[in-house]
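Peer 1: One line per chain: the protein sequences are A and B, in this order.
Residue numbering for the first sequence follows the working numbering, starting at 80 and increasing by one per position.
Residue numbering for the second sequence follows the working numbering, starting at 447 and increasing by one per position.
From the derived model, a few chain B residues whose C-beta atoms are all more than 12 Å from chain A:
1. Asp488
2. Val512
3. Gly517
4. Asp575
5. Asp581
Far from chain A by the CB rule (all over 10 Å, computed), these chain B residues:
6. Asn499
7. Gln536
8. Ala549
9. Gln560
10. Thr573
11. Gly578
12. Thr592
13. Val625
14. Cys626
15. Phe630
Which residues of chain B face chain A? A partial, calculated answer using Cβ under 8 Å:
16. Thr448
17. Ser472
18. Leu552
It should be emphasised that the hints constitute simulated quantities derived from the structure, not laboratory data.
Virtual Cβ for every residue (Gly too), placed ideally from N, Cα, C.
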Amino acid sequence: MPTHSRWVGRLACGCVALVAAAMLEVSPSAAGLSIFSTVGTEPDPLVGPFPLSLHPGQSTSVGVSLFTGQGSGFVKPTVSCCVDATTGAQVTPAGLTIGFRLPTFADAAAGAGRPAST
Amino acid sequence: MTADTSAAPGQYAVKISASHPAMGSSEQTIFVNVLGPTPADDTVTPCSSQVNNVVVGNGTPPVAQVLPLMGVVDSVFGVKATNPGKISFQVGAQTTDSRNGWAIALEREDPIPQAPLKINQAIIALTNDSPGDKDLWTVNGAGCGTASVPQHIHVAQGQSARITISKSSVTSLILRRDVCTSWFIICWGTMSEPVAVFTQPGFWSFVGGRVVTLRWFHST
Numbered sequence: 080m081p082t083h084s085r086w087v088g089r090l091a092c093g094c095v096a097l098v099a100a101a102m103l104e105v106s107p108s109a110a111g112l113s114i115f116s117t118v119g120t121e122p123d124p125l126v127g128p129f130p131l132s133l134h135p136g137q138s139t140s141v142g143v144s145l146f147t148g149q150g151s152g153f154v155k156p157t158v159s160c161c162v163d164a165t166t167g168a169q170v171t172p173a174g175l176t177i178g179f180r181l182p183t184f185a186d187a188a189a190g191a192g193r194p195a196s197t
Numbered sequence: 447m448t449a450d451t452s453a454a455p456g457q458y459a460v461k462i463s464a465s466h467p468a469m470g471s472s473e474q475t476i477f478v479n480v481l482g483p484t485p486a487d488d489t490v491t492p493c494s495s496q497v498n499n500v501v502v503g504n505g506t507p508p509v510a511q512v513l514p515l516m517g518v519v520d521s522v523f524g525v526k527a528t529n530p531g532k533i534s535f536q537v538g539a540q541t542t543d544s545r546n547g548w549a550i551a552l553e554r555e556d557p558i559p560q561a562p563l564k565i566n567q568a569i570i571a572l573t574n575d576s577p578g579d580k581d582l583w584t585v586n587g588a589g590c591g592t593a594s595v596p597q598h599i600h601v602a603q604g605q606s607a608r609i610t611i612s613k614s615s616v617t618s619l620i621l622r623r624d625v626c627t628s629w630f631i632i633c634w635g636t637m638s639e640p641v642a643v644f645t646q647p648g649f650w651s652f653v654g655g656r657v658v659t660l661r662w663f664h665s666t
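This is chain B alone, in the form it adopts within the complex (with noise of 0.2 Å):
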């Protein structure tokens, strides 16, 4: 098979048979991707208003760093072209100021169902394995909120769990902590504060068709 330089990225699934008289016939799927170039980042807050939207006393409200994912997914498609059998893999991530870290594992779904996931489909997964409770929401940069209703993940420490996500309605996640606004003696009063959001174009290049696991390892 070949593609031309002009080919349009995509996936197809294409049935090889045979057939015979006296033997019957038999048939094979196979699926051909043909890759395109990863998109650049960049570094618009999608929705900034749904994802931004913590305003405490007068000081700096918090904003989500937005993830860069150019970098991430070609290193990853690299990775694959030299280890063919290779079926997952480990992204490590954090905040410019080290405060949060997240180590993201990119794998197939176990056991493999009937129907596999399409490319325009992933499930999110979030493990908090940090201090405070954590949350994730998606994003539709096509609606901010208003095309369709968020789907959100609320874990405790210690706590896991996981949704599947749309390609339709999700253009990228934002990830948030709670975080201590009255502190005397013990915390009486939280507030969720966004941390980081991915970037949004190539936000499906990498979670399509994939589990994908956020373990929110730090947090300070």
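The following block holds chain A by itself, in its conformation from the complex (with noise of 0.2 Å):
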């Protein structure tokens, strides 16, 4: 490739990259909030790879990931159930108590970046 034609791909490949830096500085999920759970993320309590399933009897707790922009402070999600995933209605399901447990200092010194539970 002559020179000037290397010149000339490396300005073009340096444009993309300050575009691509520059959508990533407005883009709101890259400044913002995001939140997963690798768990319950598929319905099937057999042939997903991570349900979450329980017994009557049963309690059970499942890990949150919350990250946030640095300096944001504190955000505190919130838990809505449920809808019958079978139906589609809104439910109030007899006996099955969800609630959102932060993360305490004994978790943190359990271990690092420990995720809160619900």
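Fit the two chains together into the complex; they arrive one by one in their own frames, and the hints show the way.
Peer 2: See below:
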């Protein structure tokens, strides 16, 4: 490749990188808030890789990770229960209690970065 | 989350959300399954007049064997409990006379669609790896051929086909095979013989939300 072509190529790559950086700067998702759980993301209790299931009389918890921008202060998630996954109806299942427990210093001591649990 | 002893089995979508004035909001839906006990098997042939409708000559007509499911369901859930990352399961089944055998695979739909299968839906595939044509019919024990039109798969040897079924119209599946009824050098006539039918009580615990592939690998 002739020398001038290499410089044109480098300039083009540089421009693309600058545009991408500018887009990231204004994108709300890049600057903002993201929340996810690795468990319970697929409905089936058997063939989903990380199902969330329990029997009557049992308790369980799921890790929820919340990422915020630096210096954004404290953000507390809320839990909204429930939609019947079969019918799509808003329901309040009898006998099922779901709450959000914030991480404690004990959790932090047990493992840095350990997520909060519902 | 806690399910007390009176919690009703079901599958629930729970929305976890967070918002911040400057950063917008984010949410994640998780699915929570409250599991119930596996229904006990029964030996009743669902819609027996529909399932066992073959009468040939004066001999005893063939009847479908009822395949139990309670032990199988408990077994695969037991394996899942000790291997949470496992996402496919293989189950073997055969008739008591050992003349027919199936390898049954329970898997998730792959690639995962935008809207995954609900727990009241299933994809049923029939693969025929043994001699003779095979059939699979849906059975609706609530209506026995009148409440809904049965769904049907017909596969020759080496073929495979699939259907999507719904809990509202299907309570079991009947497996049939073509057998020769008049033979002289070659087969001049066949009939469809009922071979096996799944017990109804645990059927949806077994198939619900999954791709279930029945590979009919043995038939004599």
